[in-house]
Amino acid sequence: SGDGGLYGELLQNRAFQQVTPGTSGALNAWSSINGGSISIVSDDVPVSNSLRNSLRFDVPNGLSGPVGFANSGFFGIKVDSAWTYKASFHFRFPTRSSFRGNLVVGLRSSSGEILASATVPVGGASTSWRQVNVSLRPSSSASSLSNQLSVTVDGNAARGQKINFAMFSLFPPTFKNRPNGMRIDIATALAEMKPGVFRFPGGNNLEGQTPASRWQWNATLGSLLDRPGKYDGLGLLEFLTFCEDVGMEPIMAVWSGFALGGASIAQDQLQPFIQQAIDQINFVIGDARTNAAAARRAALGHPSPFKLNFVEIGNEDFFAADTYTYRWPAFVNPLKSAFPHLKFIATSNINDPVVTPKPQVYDHHVYQTPTFFAQNSFFYDDMARDGTQYFEGEYAAISTNPNDIFGTPADGRLPFPTMQGSAGEAAYMIGMERNSDIVFAAAYAPLLGHVSNSQWTPNLVGFDSGQVFKSTSYYVQQLFSLNKGTEYLPSTLPSRNGTVFWGVTRDRTNLIIKASSASSIISNTGSSSATLNFVLPFNVASVGTAHLLTGAATTSNTPTSPNAIQPISRSIRTGRRFSYIAPAVSVTVITIRRAA
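Each number in my numbering comes from the position in the sequence shown (counting from 1) with 10 added on.
Please note that the accuracy of each hint is not assured.
[As the list claims (entries may be wrong)] Listed below are the simulated DSBU-like cross-link pairs for lysine-lysine, each with C-alpha atoms no more than 35 Å apart in a straight line:
#	residue 1	residue 2
1	186	172
2	172	346
3	240	353
4	186	88
5	494	317
6	240	204
7	353	204
8	88	172
9	186	353
10	317	353
11	368	172
12	317	368
13	240	96
14	172	240
15	317	172
16	353	96
17	88	240
18	186	96
19	204	494
20	368	494
21	346	317
22	317	240
23	172	353
24	88	204
25	204	346
26	186	240
27	186	368
28	353	368
29	172	96
30	186	494
31	346	494
[Said to hold, decoys possible] Here are the in silico distance ranges between beta carbons for each label pair:
#	residue 1	residue 2	range
32	377	564	45 to 55 Å
33	198	55	33 to 43 Å
34	255	105	42 to 52 Å
35	222	463	17 to 27 Å
36	564	195	23 to 33 Å
37	45	254	45 to 55 Å
38	313	105	19 to 29 Å
Hints listed in this document are in silico derivations from the structure and should not be mistaken for laboratory results. These figures come from a predicted structure and were not determined experimentally. Built from N, CA and C at the ideal position, the CB exists for glycine as well.
All chains, please: the whole structure from these sequences, using the hints.
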């Protein structure tokens, strides 16, 4: 979730993009205050060519006191007295007026209590657009999230007036204090996983429902007034900056000529889209002295190239495999010629269809049951070592029903990750780590979801407008990421049909053992533990640390019970020979100092 999630903007429907003026739906998240009349209109003099709609505010005769309108945010707005909020909007009088008065911009509770406010003098002598920027420091924190940003005038003084408003914004402090930046608690939760890669701009977001509504990199840059799309506040530069701020390597996708609605661009019409992809990559890594796209990056404050090694061509192109046979070479050949040092990732099924040239890297997606992931811990062991690499770009245990994976919760769809599912994912991850000679990266998906309005479930990190909920799968990802080895050590392999899976790695300092006990995933007993015996060919410390995540199979971390399952760490006896009892339905990471 970008808007209403990772992206720090607090206002929903802030610029009235992609809505139909005059309809009630156009006012989503907006409401009137004390009889003020509001509607969305197609403005004769829009605030910009990209944002052509505005909010028309009419003050009827006969009103007194504060009259205006408010935005309720993305299912609420957190008001914290420790924060200073930055609010802004544009306004104009559609016809000249002698009116002179004040707009009061405020944060207010659902009961109407004003928690912060600022006064802005306005007058109707000009019909030009003016921008307002104010800072709001709440006098106290709100006890609930049911708060709004409000704009009011004195109803008696402003009776009969009409004012148009456009491009509202409300930002709290952001991650790393970036302008137009990320929400602190969500960004921090992601950063605390120490992720290695970040895939963007998101599959369906990239594709668009039609070719015209596809994600276009150049429309996501610069002033917010010049970004026409629905989700383009979180644009290419913001994604790249976030990767730098967290220390993640970007895996960037370019549009490949296919949209979600089923339309594929004809082979002889692909060239403009290929050029757009070339320009997108040049924006990221091009030389600002010689390339126009790169010069735009420099003009926006980042003269040096960003880090980029991998580019995806499309998203889930197995949905249009018949046209990917010509779209893949049409894109990859000129892209490889322009950027020979980059690796390009194919998004069709692996070797189905067979495409030329043979992809260097495939993006593999799998959504399945906890049992499936445990049973497929050896999925990559059987892959040919022919130079092809793999990126597990989307994976998650999302259902307990193998016959209706994408069904409803009544059919087994999981609203939140469960301990059972997370243990299964860990077994699969142990297999990917064992095959790291060909699997270079993996990314859980979906990553983020608002608990009140999520398109997909489950999500790695849930949130509402006030807090973050870390799932059991979040903790599995974190345990793996914080304990990455640099060398995989051979060990007795787990049974392909077993219920306990493990892998052993080491780095300069530590021996790292990962174990997933998935007994209840397959046998569904949920009560049997397993003893693992380790015999090492080298000396290690006599005491190690076991980081354990375990709980009842169907338990989830939810908004009402956010900390039901969390990792615990304890010291264990180790040495060249030691045993460890893995509880049922558990994930354990054991770290042991290597002997000097």
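Structure-based check of each hint:
{"no.": "1", "hint": "186 <-> 172", "result": "40 Å, violated"}
{"no.": "2", "hint": "172 <-> 346", "result": "56 Å, violated"}
{"no.": "3", "hint": "240 <-> 353", "result": "30 Å, holds"}
{"no.": "4", "hint": "186 <-> 88", "result": "19 Å, holds"}
{"no.": "5", "hint": "494 <-> 317", "result": "21 Å, holds"}
{"no.": "6", "hint": "240 <-> 204", "result": "30 Å, holds"}
{"no.": "7", "hint": "353 <-> 204", "result": "23 Å, holds"}
{"no.": "8", "hint": "88 <-> 172", "result": "31 Å, holds"}
{"no.": "9", "hint": "186 <-> 353", "result": "30 Å, holds"}
{"no.": "10", "hint": "317 <-> 353", "result": "13 Å, holds"}
{"no.": "11", "hint": "368 <-> 172", "result": "62 Å, violated"}
{"no.": "12", "hint": "317 <-> 368", "result": "25 Å, holds"}
{"no.": "13", "hint": "240 <-> 96", "result": "21 Å, holds"}
{"no.": "14", "hint": "172 <-> 240", "result": "27 Å, holds"}
{"no.": "15", "hint": "317 <-> 172", "result": "50 Å, violated"}
{"no.": "16", "hint": "353 <-> 96", "result": "41 Å, violated"}
{"no.": "17", "hint": "88 <-> 240", "result": "23 Å, holds"}
{"no.": "18", "hint": "186 <-> 96", "result": "16 Å, holds"}
{"no.": "19", "hint": "204 <-> 494", "result": "10 Å, holds"}
{"no.": "20", "hint": "368 <-> 494", "result": "30 Å, holds"}
{"no.": "21", "hint": "346 <-> 317", "result": "17 Å, holds"}
{"no.": "22", "hint": "317 <-> 240", "result": "27 Å, holds"}
{"no.": "23", "hint": "172 <-> 353", "result": "56 Å, violated"}
{"no.": "24", "hint": "88 <-> 204", "result": "27 Å, holds"}
{"no.": "25", "hint": "204 <-> 346", "result": "30 Å, holds"}
{"no.": "26", "hint": "186 <-> 240", "result": "25 Å, holds"}
{"no.": "27", "hint": "186 <-> 368", "result": "41 Å, violated"}
{"no.": "28", "hint": "353 <-> 368", "result": "12 Å, holds"}
{"no.": "29", "hint": "172 <-> 96", "result": "25 Å, holds"}
{"no.": "30", "hint": "186 <-> 494", "result": "26 Å, holds"}
{"no.": "31", "hint": "346 <-> 494", "result": "31 Å, holds"}
{"no.": "32", "hint": "377 <-> 564: 45 to 55 Å", "result": "19 Å, violated"}
{"no.": "33", "hint": "198 <-> 55: 33 to 43 Å", "result": "42 Å, holds"}
{"no.": "34", "hint": "255 <-> 105: 42 to 52 Å", "result": "46 Å, holds"}
{"no.": "35", "hint": "222 <-> 463: 17 to 27 Å", "result": "26 Å, holds"}
{"no.": "36", "hint": "564 <-> 195: 23 to 33 Å", "result": "27 Å, holds"}
{"no.": "37", "hint": "45 <-> 254: 45 to 55 Å", "result": "49 Å, holds"}
{"no.": "38", "hint": "313 <-> 105: 19 to 29 Å", "result": "46 Å, violated"}
Against the hints set out earlier in the document, violations occur for numbers 1, 2, 11, 15, 16, 23, 27, 32 and 38.
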